[in-house]
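Those protein sequence lines, which keep their order, are chains Z and E. Per this note's numbering, the first sequence starts with residue 1, numbered consecutively. Per this note's numbering, the second sequence starts with residue 1001, numbered consecutively.
Calculated from the structure, these hints are not laboratory results. Ideal placement from N, C-alpha and C gives every residue a C-beta, glycine not left out. Hints are all accurate, no fakes.
Think about it this way: if two alpha-carbon atoms lie no more than 30 angstroms apart in a straight line, the pair counts; the simulated DSS-like pairs of lysine-lysine are:
1) E:K1164 x Z:K132
2) Z:K113 x Z:K132
3) E:K1040 x E:K1060
4) Z:K115 x Z:K132
5) Z:K138 x E:K1164
6) Z:K14 x Z:K115
7) E:K1236 x E:K1002
8) E:K1164 x Z:K115
9) Z:K14 x Z:K80
10) Z:K113 x E:K1164
Here are the in silico distance ranges between beta carbons for each label pair:
11) E:F1163 x Z:E18: 34 to 40 angstroms
12) E:F1159 x Z:K132: 31 to 37 angstroms
13) Z:G234 x E:F1163: 45 to 51 angstroms
14) Z:G73 x E:R1157: 22 to 28 angstroms
15) E:T1089 x Z:E43: 50 to 56 angstroms
16) E:H1087 x Z:S29: 27 to 33 angstroms
17) E:H1087 x Z:A179: 41 to 47 angstroms
18) Z:D240 x E:H1087: 51 to 57 angstroms
Residue-level listing of the chains:
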Amino acid sequence: MNATPPTPASAPPKLTVENVSKRFQTERSQVHALDRVSLDVREGEFVCLVGPSGCGKSTLLNIIAGLDQPDIGRVTADGKPISGPGSDRMVMFQESALYPWLDVLGNVMFSLKLKPALTNAERREVARFHLKLVGLEKFEAMHVHELSGGMKQRVALARALAPNPRVLLMDEPFAALDALTREQLYGDIQRIRAERRKTIIFVTHNVREAVCLGDRVVLFSANPGRIREQFEIGLPRPRDINSVALAEHSTKITRALKSHLSSELAEVAE
Amino acid sequence: MKRSLTTLLTFLVLLVIWQELVHYGIWSHVLVPAPLDVAKYFWDVLRDGSLLSATGVTLKRLLLGYFAGLVLGLPLGLLTARFKFVHDTLGVLALGLQTLPSVCWAPLALLWFGQTESAMFFIVVMGSLWSVLLATDAGVRNVPLLYVRAAQTMGSRGFHTWFKVILPASLPFVVSGMKQGWAFAWRSLMAAEIYITILTGFGLGNLLHYGRELNAMDAVVGIMIVIVGIGLLTDKILFSPFERMLHRRWGTAK
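So that you can see chain E by itself, here it is in the shape it has in the complex (with noise of 0.2 angstroms):
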């Protein structure tokens, strides 16, 4: 409590400096705009819907995106891990584009798919489906063999082991992987956001677009905060309590 309270205290201290910086012209408003203006900013874009319209298209991107990559990354990374053949092809292939930034897909998923929708999906599902298959194969990989053969002693079989003991206890690498995931495909639909206009819908991505375009440095500093705050505010929800459950059961450090 009192930590956070620190916390809170700083921030404000540092918002009423840059303020005044800014009110007395030491740092020119066109650069930096002030903290009131951004407030201003929120204000407008709260009321017109264009913050929550654009925040719920960037949102349905991210998350088709992202659990497209899940679904395909989770299973493609077991193949990896269970036959020699998948790891030498597929698992190569997954280390060299992993280390490609997603946004590099651009010119050809607009090549491929046009200003559509799917441009944006294909881009997403780069950003996330290598990082969670590679950490599945390194999961798999990782579980000690003993786990394996004390399951066979009792009856274990075939998927049973698959299901019952090998995923399970790949699941702190799993985990990771999925976060990992995450923040690659986040980083990618706002790349690619910046990079594609698509007119059927306008994200946060397009928005800090315009921003620069009209020279609204207000807008920008906003948009750049409200895509903090998605990102924490995810992490918090859909990754916190997977770690503290993993953190109770493993008895791994917090």
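Chain Z extracted, bound-state conformation (with noise of 0.2 angstroms):
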């Protein structure tokens, strides 16, 4: 039981976001999230959205996940409009959002639950397969709050990864754990994305991260919520966060979202 998992994998995906606004009124004000972005992502790409917060790109990513719905234009999946949330596209969020009254396989089995064509055993096959990708075999029957924050995580991924998605939306998952639990997500992300070949949506602010992982990266600005420029990362994988040649590339996107954010600035101060 290691190399293919039983579910099989349907048509390639491409994602396209055409033209997408979006408007959210709060108390105070509305706030511009996105305002006419468009985006291409190619099948099996890694692509990064990054940006200040309330850049929309955590809005982007759940529009996407057919959560929100675009004010103006649309996003297609396979050329077939997005209407709602379907496991063709399972999320990963900044919380892990692990169900506390199953154990580890049964969130992990949930989204299988809800596939009638499967019996309890493939189920159960299925779960155990994706636990042990992220090296959590022996924890399934643990529960939720007896996990460390890297490991419900990778739960969390497991759990994402059991109904064979095709692409996978990612909003800033890492980004509460500590640093060496998180270069260690890096380097396990890198490895499930090239065996399981998955198309992968990755919302971050942190810059080293999204080269470390992308094969591009977004870089958004706010209000209103745009894409400013994209970087194509060719470095070689497997990726290390601590290379030079990476923080080299890193500098080069700071830099650039630096000169976007005061540009931005500039123009509300006129």
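These two chains come separately, so use the hints to put the complex back together.
Structure representation (structure tokens):
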């Protein structure tokens, strides 16, 4: 039980975001979270969305997930418009959102229980396969509160991978973890992505993290949320977040991010 | 082990002191029955079967009324949490009626149902229903939105989300509401039994009432001890296992 997972993957995805705008009405003001954002994501691509808080990168992720609807514009997966959440696009949140009333295996099996075609034995097998993938096969009977922050996110990753989605949407999944745990997970996510061939959209405000993981880094600016600049990262994999070449790339992107920030401030001042 | 021994010894010593205080007439035995008198009362009512039958009558009323309160309160609480309209109408009513000690329903219940078991049943239901309803409502409202969103991305919808995510997530609230509902039901029933006599069944409250009428303080204290015992026992049997399970799963302190 190691090479292939029991559920088959279906046709290749391609995500297209076309001219998407989204505003939120808060009590004091209106937030222009996304302003005419367009983005294409290739099959198997790892795209990192980076920007200051409030730039709409999480909003875009939620729209792609189908959890939010755009005011204008449309998002398609494989040419079909996204109308709601679906297990072809699984989400990993900043907090693990694991269910305390289920044990680790039960959490990973949650989405599989919604697939009527599988038998219970198959569900258990699929769940165990993915727990092994994240290195937690020995912890399947643990309760959620007994896990460390890093282990929780690993379980959340296994849970997201279990229904074999072709797109993985990750919303700052490592932001609450300590640096050491995070570095381990950078290695794991690159390995799993290579093994399981997922298309990944990864939201972060950490430029170094984005350069370490992404094939492409998309820079957002806030108020209104727009895409400012995009960078292809051609570094060989697996990447080490502490390498010099990676540091050079992230310095370049950080500089770009800062210049966008200051031009934004200038725009506001005008 | 050592701690329960300490507890046991303390109570034994207190009982002995109590017995001696009454024995030497420092406490009047008319006002305070001696522990041995109470023990003798227990012996008598156990032998003639009246204690067992009264306990049976009371427990039957309690269980019937309480489970009816649960069966009504849980779904109604889900409804108030789900629909704004129900929350603004039934929810407000529940909040108001929860503050009403349910024995206050006794005059109306007597008028509507007469001196029947239905009157008792009604009072017990009124005692437990509202706190179960409100706790369920609060539990559902406190379910993190993230749980629901995560479930939706995994393909869960509608009833599945309600039964597999929202309901289990609100269990800690619901169980404490059930416990509160139980306590209220128990108190309402005792008050109602003291207040209302129903000829088809004499419960513990009735016995307590007659103890007072006959000035038999040994009976009064004896019944009070039985009532405390039933309260403790149900807590241990009904709720403790449930609560232990929740603590283990959620990792909350004991």
